[in-house]
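Full structure from sequences and hints, please.
Protein chains in written order, with the numbering used here: chain E, 1 to 245; chain D, 1001 to 1214.
Treat the hints as calculated values from the structure; they're not laboratory data. Just so you know, even glycine gets a beta-carbon here, dropped at the ideal spot from N, CA and C. Among these hints, one or two may not hold up.
[As the list claims (entries may be wrong)] Some chain D residues judged to face chain E by a derived CB distance under 10 Å, without partners named:
(1) L1046
(2) D1048
(3) G1056
(4) A1058
(5) I1078
(6) G1145
(7) R1203
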Amino acid sequence: MTTHEWFKEHRTAFAVRSLEADEERSFREHLAGCAECRAEVERIERELAWLPMGASPVRPRPGLTRALVEGAISVRRGGPRWLMPLGLAASLLIAFGSWTWSLRTVASARDGFQRERAGLLHRLSMVEDTLGIIRSAAKVRHANITMGGRQGGLVIFADERTHRWNVVVYGVPAPEPGEVCQFWFITGTGMVKSVAVNTGLNTPAFLTLPMPPTGGTVMGAALTVEPAGSTMDRPQGEELAHLMM
Amino acid sequence: MKESGAESRAGAGASGGPVVRGLTLEREASLQERLLARDERALGELVDLVTPWLLGVAQAMLSDRDEAEEVVQEAFTIVWRRADLFDRESGRLVPWLLRITRNRAIDRLRARRRRTLKRTRFETHAAAEAGWSPATEPNEAALPGWQVHETVHGALRELPEDQLVVVRLAYFEGLTHSEIAGRLGIPLGTVKTRLRLAFDKLRGRLASIRDWVT
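In structure tokens form, the structure reads like this:
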């Protein structure tokens, strides 16, 4: 049997997922380059599409259907699986924080726990918000930045639904003393000053920015080095990155 | 094409209104459009319509109600967030949901097996029977989609017993070829042959299902 004959023989098995894990992987790789098998697998899937309804229906528990709707719509209650580890980590941190705090005093433990829990929930909420923007970003742009002999970059995730950007600046060293890295929006009427970016850290700078209230349509962004405390409304210093959306 | 109309059964569903029975191609297309437009009532209608069937397939495979509900939640979350992924040209909305649910259940089953936490259900055939056997209570027969269930069930019952067993293990319990061979104590080639014959018959019988009208 040739390789392709083997795949032909196992199209249905692949479609219903009864292949072994390694066979399934091989088949998926084969499909990427075989239009005939791809079309046939799609046909089998269409023809067997209603087969799961051979299982007996199960009446949902009272309140479940409403919970399913709310869970799907709400990020916090029905987030995708990749948010679950975050929730788990937060829960573990909360539990751990509570435990260590209670060793000192029971009375202060409750306050400490609540503060820590509130802080973690706030951070979790911010992470969820950030991930939400990244997930639904309509445009993603990247620019390389070379500064002080180091290679870094600027990444923008533009979410047109919420009109916000997630901006990531990574690998960029701190500017000289008395200088800051300044983020600018490029708008239809010129540059609009945004925020100073705290670079030079071991971790990337991560910003969530709303669109500027002035300047009209935002067309891009720039990152420059400016004198600290400058009140100039136009870039004066060296341009590190320039991105058009 | 038959129009489902606005026939309703008693009580309000997740959509907040009466539960509308039946699903024609037109209504399915309309639901898809409304989901893309982020219409929460459309999601509510879909949940009312298909949850018993998604729970049915997930619970038959996982034998765990809580886990089945989690899988169904994941499926609706995907539909709500990524309705744009659905290709109307190559498929249908409800079968897409059924496939997502079944695939998620299989992923969980296989992860469970990888952790070698095999459940006793894998040692008994009797429990699995409940997964696809027809319910005869009148209230079940009143469910939207029951006609499709009966058609599918009829097609399954027409299979010879040896083919039906391997289909049940492969499709409704998520076992692989080698796991079925091990379970039944028959050669791998025999499993493959029986499955191929069975699915060829089922494809012929089920391909004609179009509208989900009760």
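Cross-check of the supplied hints:
no.	hint	verdict
1	L1046	9 Å, holds
2	D1048	6 Å, holds
3	G1056	4 Å, holds
4	A1058	8 Å, holds
5	I1078	8 Å, holds
6	G1145	6 Å, holds
7	R1203	4 Å, holds
Checked against the numbered hints given earlier, the structure satisfies every one of them.
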